[in-house]
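Generate the whole structure from the sequences, applying the supplied hints.
Protein chains in written order, with this note's numbering: chain A, 1 to 325; chain B, 1 to 325.
Worth flagging that the hints you see were computed from the coordinates, not collected in a lab.
Treat the hints with caution; some may be incorrect.
Identical copies carry no separate label here, and so any pair may be met within one copy or between two of them.
Unchecked claim - In silico lysine-lysine, BS3-like type, Cα no more than 30 Å apart, as pairs: (1) Lys169 / Lys88; (2) Lys88 / Lys266; (3) Lys264 / Lys253; (4) Lys88 / Lys154; (5) Lys266 / Lys193; (6) Lys266 / Lys224; (7) Lys253 / Lys18; (8) Lys314 / Lys303; (9) Lys224 / Lys314; (10) Lys88 / Lys224; (11) Lys193 / Lys264.
Number of protein chains: 2
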Amino acid sequence: MELEEIYQLVEEDLAKAKSQIDSVTEVDSPHLAELLQHILGGGKGIRPALTLLAGKFYDYNLDLLLTMATAIELMHTATLVHDDAIDKSPVRRGKPTVNSLWGEERAVLLGDYVFAKAGEFAADTGNLRVIILFSQTLQTISGGEIVQTNDAFKLEQTRDHYLERISGKTASLFSLATVSGAILSQAPEDSIKILKDYGFNLGVAFQIVDDILDFVGTEQEMGKPIGSDLSQGTLTLPAMLLLEQYPDDNPVKELFSNPDMPEKDKQQKIKRAIEMVSRSPIVKQCYQLASDYRAEACRELGKLPDKPSRQALKDLADLVISRKK
Amino acid sequence: MELEEIYQLVEEDLAKAKSQIDSVTEVDSPHLAELLQHILGGGKGIRPALTLLAGKFYDYNLDLLLTMATAIELMHTATLVHDDAIDKSPVRRGKPTVNSLWGEERAVLLGDYVFAKAGEFAADTGNLRVIILFSQTLQTISGGEIVQTNDAFKLEQTRDHYLERISGKTASLFSLATVSGAILSQAPEDSIKILKDYGFNLGVAFQIVDDILDFVGTEQEMGKPIGSDLSQGTLTLPAMLLLEQYPDDNPVKELFSNPDMPEKDKQQKIKRAIEMVSRSPIVKQCYQLASDYRAEACRELGKLPDKPSRQALKDLADLVISRKK
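Put into structure tokens, the structure is as follows:
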């Protein structure tokens, strides 16, 4: 099943969310407009789709849900702009990054601007519970990243550590996407909880698969270089398992023990790590864990009203596992 | 008159705001706590004082006003952290900057975290008008800075251009401080407008004086190196007047025409510009403009209820002009 099929249920509304996101580029300054046009509208739209789908179980208030879907996609985009600036990443979604085209200064300020715009959309829902959750989620994301800046190029990291990292980085925003859809559609508390947990677990599964694809995907499909986590010194699940299962003569160990090695050697270590992961059972093991989170995400969905969006959420969870990009 | 005397009216409450700001450092992660402790609590507190003083004319709801004062001081702090990261500034408020101690990565993320925390405090007021103004102000500040990144080391800039720049950078947040105090204390619309305009014009005056002090202040009093605007390629009012009044053999012209000159030559040009400004009528002319904005800020204050805070706002406007730091 393709993303487009799952989105069918909210296709028109998702298009409206996209056009609302595009409207953010309508600013007086041509320079600011150019920067905004460069970063907006390029994603898969999974987060806004989650808000809309989660809003389908009760009172589907399109205006409120669109406003929140826009806020969430903007927050996501702003975090990417800052992450790329911090990591000095050259490419994102198949395009040069803001920092590579216009410098880090503009990337930092542009991220700030888009955070603020996102905050204004969140405020426009008029729902204080959602507005507060919005601010708290950004604290979780950025606070989590701060705590983890010390982890770069560290070999001793536990599975729990990894899961905590991706919970903050990805699952928190997926969870905000679904919980806000639930709240804004007047869902009862138990349904809010189910949709929140769905979003959270889906986010964990999504990030595990992202981390797998950073080893076995293609640059063309991913829109960014493969092996980028290793080159940033980020220990993801596949690399962790590689360290555990091949403690001797391990390219990750060599790379992380000597992060200042020449770029050519670095690339060679990364290439070797990718090869080792690809032909080991590690990929399958990682997919197993992602699949466990997919199952956990869907576990309670049956308790929600029997609406088409319930099946769409299940299909989306399957797609999060089977996607190649 | 000293700042402390003016603050007297809200002294206890300002202390409460400061302790609320300090409470932001109480987080689980010792590393995040360390970063937060480093940046919080060091300012003059003029913005939170403005919110409290502006709230004194009608229903002084301390809880709401404290919450908003905290939000505004946090937003201000976050913008400083990002500005220092962008400018690679080594010193702020007499202390090494976050970027110089822990790197740009952490400075960007810390700023994001503090913006988010500020947003949560703003949301905690429960007042949607104030929450939306809060987000819009951050857009004004960061959007303004983006538009102006192209201005660095440009010699052709008008007075209007300069005033627009400092309106976005400083006056917008001063204005948010007073307008939110007015709104949260249930001021009638005409009083809200008067206090908003007061904050805005005071902010312009404040920034003009800041820009003067970057020429005639001392590093010890300012807590940062003198001449920092010139070294960043920022054309402030004193430098603009120097260009106008000494079109030939002008160190600012030389510096801006050749921004990549050796650091030693750069420092020599800056030193010469500072000397030329100091012994010309430029300082007086700049103070005159600041004073015009001070007068404009206070023009309508007489229409507010005759409360002690009215005099405090006038005194504060005087102090903004006479301050040496």
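Please list, smallest to largest, the hint numbers that this structure does not respect. Hint check: 5, 7, 11 fail, others pass.
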